[in-house]
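Residue numbers (the numbering used here), protein chains in the order written: chain G, 1 to 168; chain L, 1001 to 1409.
Keep in mind that the hints were calculated from the coordinates and are not lab data. Keep in mind it's a predicted model, so treat the numbers as computed, not measured.
Estimated spans, in silico, between C-beta atoms of each pair:
no., chain 1, residue 1, chain 2, residue 2, range
1, G, G128, L, E1196, 50 to 58 Å
2, G, L38, L, D1239, 30 to 38 Å
3, G, L38, L, Y1081, 36 to 44 Å
4, L, D1360, G, A138, 27 to 35 Å
5, G, A138, L, G1362, 28 to 36 Å
6, L, Q1145, G, D49, 48 to 56 Å
7, L, P1312, G, E24, 34 to 42 Å
8, G, N35, L, D1360, 22 to 30 Å
A virtual CB, placed ideally from N, CA and C, is assigned to each residue, including glycine.
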Amino acid sequence: MALTNETIRQHLTEKFGEEIYDWEEPYGLLTFTSNKDLNLKILQFLFDDPTLQFRFLTDLCAVHYPEKKGKEIAVVYHLHNLVNNIRIRFKVFTDINQPDVFSAAALYASGNWMERETYDFYGINFIGHPNLVRILNADEMDYFPMRKEYPLEEQTRVDKDDEMFGRD
Amino acid sequence: MSDTKQHIKLPEHSLEKKTTTLNLGPTHPSTHGVFQNVVELDGERVVSAEQTVGYIHRAFEKIAEHRPLYQITPLTDRLNYCSSPINNMGWHICCERLLKVKTPKRVDYLRIIIMELARISDHLICNSIVGVDSGAYTGFLYVMQYRELIYEIYEEICGSRLTTNIGRIGGFERNFTNEAFAKLEKFIKEWPVVLEEFENLFNRNRIFMDRTIDVGPISAERALNYGFTGPNLRAAGVDYDVRIHNPYSSYEDFDFTVPVGTTGDCYDRFLVRNQEMWQSLKLIKDAYQKVQEFKGKDAEVFHADVPEYYLPDKKDVYTKMEALIYHFKIVMGEIEMPAGEIYSPVEGANGELGFYLISDGGRAPYRLHFRRPCFIYYQAYSELTKGGMLSDAIITMSSLNLIAGEMDA
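Sequences are here, hints too, so could you generate the full structure?
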C-alpha cells in the first residue's frame, strides 16, 4: 500500500491526537506542527513505526518570526521516507527567551552538525546535544546573526562615510 | 645538564601522552579546500579526527533575505563551485515551483545537457584528485582538457566559466549558439575515448586498488543515518537519486541507470562516480537528440513566458511600454513574489542539494535555507577514518568530494 499524506495524517492523529495541529500541504508537502516538548517523541515514532519509516533527516533549520509572541522561533525538520519516497515537514515553535528544544542528534547522526548550525545562527539550545558549540561563525561571537533583529545594511542609506571606503 | 631551561611551552600532559596531534589544514595542500582537521595519531594510525569548518562562511542565507530572486543565483554559484550550473538550475527550478511556472520541454532538455556536463566536470575533479592523492598525477592532468572543453561550452552559453550564473527563472538568457552545439558535439565524440583511458589507468590498477579498497568504508545504514546522499550514499548500496525519486526538469523522459556500490569505501565511490559519468554522457546524448528534434519555431524556444521574472528583450524595452515596465521592476527588485513555503531538491554532483524557501509575499525571501550535502556528510569523516592510516584519511577526504564553498555557505 502506498503511503499517502492522508495515511500519514491518520497514523499520527491516532497516536498523538490533538497534540499535532496546523496540518497543511503547501506544494503537496505534508506539514504539521506540535508542541516543542513532544518533538523527540514524534520523531522517534516517525522513525520506528513500521508503516511510516521516516528514517532520513533531510534537513533541519530554524526560522525567526519576531511578530509571533511566545513562539518566535520555529525549528523545521524535513524528513524523508526512502522506502515509499515521501517527504514531510515537521515544525516546533519555541519562545525566543527560552529557546530550549530537545536534540535529535542521538536519533540521526546527521542532526549533530545541523543542530550546531541552527544554534550558531538562531541560538536554539538543543538539550542533550553532545557538543553544542558554534560551527560556521567565530567562537567568540556573542549574538545570533540570522535573527531578524540584525538587518543587513540598507542599500539606499546615505549616512555612510565615504572616506572610509577610499572614496572622497 | 639539569639547568638547561626549556623555552618551548608545551600543552600540559603532552609529553606523557602516547599519541601525536597533527593539524591538517586549514590550508594544507592535501585538503583541497579550506578546512581543518585535528588528527590524533598513534604512529601512523588515526585515533580520532576532529573537523573544523566555517573558514569561508559568507552568510549567504542572510544576504539572500535581502535580495530579489534573480540576485540570489550568483550566491548559489559559490556553493559547490565545481558544478555551479547545477546549483543555478536548482535555484531556478525552486523559484519556478514557487511561482508555478511550467517550462517548455526544450528548456528542460537544454538544462539537462548543462546539468549533466556539470556533473561530469565535478566527478572528473573528484575522481582525478583521488588519483592524485594516491600518487597518480597523470589522470588529473590529462582529463583537465575536457573540463576545459566543458567550461568553453558554458562560456558559449552564458559568458562565464566557473561561477556561471547560467540561465534565468524560466529558461536561458539566450538560445544556444551553433558554436555551443558544435563544441557539445566535439565533447560527445571525444569524451568517451578519454573516459575509457581514464578508467584503464585506474580501475584495475593494482596500486590504486590497494590504496582505495576497504579505505574509509561505511555501511548503508550508517550512511543513511549520517545523511549521506548522492554518489557517496549510492556507493554504500542505496539507490537513492533525486533525478529518479523526485524528477525535475523532465528527467522522467529519459532512461538511465543509477549505479550502486556495496561497501561504500573509496574504491566504490570512485567506481560509482565513473559509472555516473557514463550515464551522464548517455543523458547528454539523448537530450541533445531530443533538442534536435525541435524544428522551426519550436527550435527557437529557450525560455518560458514569465514576463514578471524574465528580463525582456532589449529591443522590446526600447519600443514597448510593457517591456519597459517589467525591465525596470525586475532590475530594481520590485516584483512581489507569491507567499508560500517550498522545499525543492535537485541531485547535485555530491548529493541532494535542497532549497528551502519561505516567502511572505515580499520582494525577497523571508527565509532561504540551503541543504548543502557535503556539510551534512562531512560529519562522518571521523568515523570513516578511525583506525586507518593517515594517508588513507587523506584519500577518504578527497573521495568524499568535499567542497569548502558549499560546506560553509
